[in-house]
Amino acid sequence: MRDPMIEIVRDPVSEARRYVENARETLKNNAKLDPETNSYTDRKYVKAAGHYLWNGVLIILNTVFHVNEKKGRVNIDDYRMAVGPRDRKLLASVNNAYDILHLHMGYDGVLDKTVCNEGIRLANEIIDRCAVMLP
Numbered sequence: 042m043r044d045p046m047i048e049i050v051r052d053p054v055s056e057a058r059r060y061v062e063n064a065r066e067t068l069k070n071n072a073k074l075d076p077e078t079n080s081y082t083d084r085k086y087v088k089a090a091g092h093y094l095w096n097g098v099l100i101i102l103n104t105v106f107h108v109n110e111k112k113g114r115v116n117i118d119d120y121r122m123a124v125g126p127r128d129r130k131l132l133a134s135v136n137n138a139y140d141i142l143h144l145h146m147g148y149d150g151v152l153d154k155t156v157c158n159e160g161i162r163l164a165n166e167i168i169d170r171c172a173v174m175l176p
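For the sequence shown, the residue numbers in our numbering are 42 to 176.
Incorrect hints may have been included.
Across the chosen pairs, the derived CB separations fall in these ranges [to be verified]:
| id | residue 1 | residue 2 | range |
| --- | --- | --- | --- |
| 1 | Gly125 | Asp75 | 35 to 41 angstroms |
| 2 | Asp140 | Thr78 | 20 to 26 angstroms |
| 3 | Ala172 | Asn70 | 26 to 32 angstroms |
| 4 | Tyr148 | Asn79 | 20 to 26 angstroms |
| 5 | Pro176 | Ala133 | 22 to 28 angstroms |
| 6 | Glu66 | Lys112 | 35 to 41 angstroms |
Once the Cα atoms are required to be at most 27 angstroms apart in a straight line, the calculated BS3-like pairs of lysine-lysine come out as [what the hints assert, rightly or not]:
| id | residue 1 | residue 2 |
| --- | --- | --- |
| 7 | Lys154 | Lys130 |
| 8 | Lys154 | Lys88 |
| 9 | Lys111 | Lys130 |
| 10 | Lys85 | Lys154 |
| 11 | Lys88 | Lys69 |
| 12 | Lys88 | Lys73 |
| 13 | Lys154 | Lys69 |
| 14 | Lys85 | Lys73 |
| 15 | Lys154 | Lys73 |
| 16 | Lys69 | Lys85 |
No lab work stands behind these hints, which were simulated from the structure alone.
Built from N, CA and C at the ideal position, the CB exists for glycine as well.
Use the sequences and the hints to build the structure in full.
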């Protein structure tokens, strides 16, 4: 059975940006920012935003590097091996995005607004960099 994330996306840049916008809206409308501490108060929505951002990044990476076409389950090392030889700067961004979006936000639910803002910035940076690689 194929993973729904593997589906071919007709406009991957727009789809990836839609995920970023969903994350931004989730944080803005649901995560409840405490201005005194510059932190969100609801971990559930930070985690959801992290997952949205990471999935948006995966959509664009899969479109450019075709990592999802291999047999078996894809992991971060597969993305590193595909991206690294082609673009070292993009590889650094992917590594940082994995840490911030997938681990810190998506799993740990880090509440710090600065971390979340950096995650959004990284996702957009990866999307922009991959967009110019599309045929």
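How the hints compare with the structure:
Remark: the range hint 35 to 41 angstroms for glycine 125 to aspartate 75 is upheld by a beta-carbon distance near 39 angstroms. Roughly 22 angstroms separates the CB atoms of aspartate 140 and threonine 78, a value that falls within the hinted 20 to 26 angstroms. Roughly 27 angstroms separates the CB atoms of alanine 172 and asparagine 70, a value that falls within the hinted 26 to 32 angstroms. Against the hinted window of 20 to 26 angstroms, the Cβ-Cβ separation of tyrosine 148 and asparagine 79 comes to about 22 angstroms, which satisfies the hint.
A C-beta distance of roughly 24 angstroms is found between proline 176 and alanine 133, which places it inside the suggested range of 22 to 28 angstroms. For the hinted restraint 35 to 41 angstroms between glutamate 66 and lysine 112, the CB-CB distance of approximately 36 angstroms keeps it satisfied. Distance check on the hinted pair: lysine 154 and lysine 130 sit about 25 angstroms apart at the alpha-carbon level, within 27 angstroms; holds. A distance of roughly 13 angstroms separates the Cα atoms of lysine 154 and lysine 88; the hinted pair therefore holds under the 27 angstroms criterion.
Among the hinted pairs, lysine 111 with lysine 130 is consistent with the structure: their alpha-carbon atoms are about 24 angstroms apart, no more than 27 angstroms. Pair hint lysine 85 plus lysine 154 holds up; C-alpha atoms about 14 angstroms apart against a cutoff of 27 angstroms. Of the pairs offered as hints, the one joining lysine 88 and lysine 69 holds, with about 13 angstroms between alpha carbons and a cut-off of 27 angstroms not exceeded. Among the hinted pairs, lysine 88 with lysine 73 is consistent with the structure: their alpha-carbon atoms are about 13 angstroms apart, no more than 27 angstroms.
For the proposed pair lysine 154 and lysine 69, the alpha carbon gap of about 11 angstroms is at most 27 angstroms, so the pair holds. Only pairs whose Cα atoms come within 27 angstroms are accepted, and lysine 85 paired with lysine 73 is accepted, the gap being roughly 11 angstroms. As the CA atoms of lysine 154 and lysine 73 are separated by approximately 11 angstroms, the hinted pair is consistent with the 27 angstroms bound. Taken as a hint, the lysine 69 and lysine 85 pair is honoured in the structure, with Cα atoms around 13 angstroms apart against an allowance of 27 angstroms.
No hint from the list above goes unmet by this structure.
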